[in-house]
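Q: Work the whole structure out from these sequences, hints included.
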Amino acid sequence: MTRTPTRPLSPHLTIWKWGPHMAVSILHRITGAGLALVGGAVFVWWLYAAAEGPEAYAAFAGWATWKWALIVWIGLTWAFLQHLLSGLRHFVMDVGAGYALPVNKFWAWMTLVWAVLLTAALWAYIIYWRLGA
Amino acid sequence: MTDARTDPAPLPVAAEAAPARAAAAHDEAGADWGHERLLSAATLALFVWLAVSLWRLPAFDQATVTQWLRTPLAAVPMLLLILVTFKHLKLGLIVVVEDYVHEAGSKLVWLVLIKFAAIFAAALAAFCVLKIALGAGAG
Chain G
1 MTRTPTRPLS
11 PHLTIWKWGP
21 HMAVSILHRI
31 TGAGLALVGG
41 AVFVWWLYAA
51 AEGPEAYAAF
61 AGWATWKWAL
71 IVWIGLTWAF
81 LQHLLSGLRH
91 FVMDVGAGYA
101 LPVNKFWAWM
111 TLVWAVLLTA
121 ALWAYIIYWR
131 LGA
Chain P
1001 MTDARTDPAP
1011 LPVAAEAAPA
1021 RAAAAHDEAG
1031 ADWGHERLLS
1041 AATLALFVWL
1051 AVSLWRLPAF
1061 DQATVTQWLR
1071 TPLAAVPMLL
1081 LILVTFKHLK
1091 LGLIVVVEDY
1101 VHEAGSKLVW
1111 LVLIKFAAIF
1121 AAALAAFCVL
1131 KIALGAGAG
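Line by line, the protein sequences are chains G and P. Mapping of the first sequence onto the working numbering: position 92 corresponds to residue 92, and the numbering continues sequentially without gaps. Mapping of the second sequence onto the working numbering: position 67 corresponds to residue 1067, and the numbering continues sequentially without gaps.
By construction, these hints were calculated from the structure, which means they are not laboratory data. None of the values given here were measured: they were computed from a predicted structure. We put the beta carbon where it would ideally sit given N, CA and C, even for glycine. Certain hints may be false.
[What the hints assert, rightly or not] To give an idea of the chain P side of the interface with chain G (calculated C-beta under 10 Å), a few residues:
1. Leu1044
2. Phe1047
3. Phe1060
4. Leu1069
5. Thr1071
6. Ile1082
7. Asp1099
8. Ala1121
9. Ala1125
10. Ala1126
11. Cys1128
12. Gly1135
A: Dropping the structure here:
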């Protein structure tokens, strides 16, 4: 590529000051990819084990109830909620609303905050009330 | 052959066809855009159904799960969820690869891999639901 070194480069990723809207945008892709790969694999494994029989299901259940698998479950829950909430934000933006910068940044923050709050609330409920830990 | 300068007939035809082709491409892009949003909305609705259904299940052991999946009102939404979710997931991963993988060869490999894997996973999951719903001992 030819360019004149004395002329400035077009603004690119590295020169922007990070804001919540940019974080949410890239998180939508990261959580989407994570849900697709990890969530997709767990989902198919669960259905396969259920169709295959008690032994295969016991293997799945053994992994699913392993204490370190909790990290995967909580991670998937957060990724799901973050992707869902920023997806809803995209629906609003698709109809042409919410582009004014203060509004746009506010709702970007809201998706980040609510994804964490809902994940924490759900797992606090499951761990303390359902599992009786 | 007549010279283009003395035979202006092909020009107006081409001039008419170009905007028509552009409009067709535009409509197609618009249809894709709308289709993707509809797909997202369907994914959302079916995951709300799945979350509520799982919340209402008394347990997650094999007997409870398969008994639940044998009912038509569980098997059918589950099949739709598989169809819609793997389509959504495939389109999403394709966008990510198209934006971040720049080398033509590896881009092609990734795109083919994503399409094959998504369709295989969806077919496997759907077959498992059908096996549970229609298999021996069902009913």
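Q: Decide, hint by hint, whether the structure agrees.
A: So, going through the hints one by one against the coordinates:
| no. | hint | verdict |
| --- | --- | --- |
| 1 | Leu1044 | holds (7 Å) |
| 2 | Phe1047 | holds (8 Å) |
| 3 | Phe1060 | holds (7 Å) |
| 4 | Leu1069 | holds (7 Å) |
| 5 | Thr1071 | violated (14 Å) |
| 6 | Ile1082 | holds (8 Å) |
| 7 | Asp1099 | holds (8 Å) |
| 8 | Ala1121 | holds (5 Å) |
| 9 | Ala1125 | holds (5 Å) |
| 10 | Ala1126 | holds (9 Å) |
| 11 | Cys1128 | holds (4 Å) |
| 12 | Gly1135 | holds (8 Å) |
Checked against the numbered hints given earlier, the structure breaks only hint 5 and satisfies all the rest.
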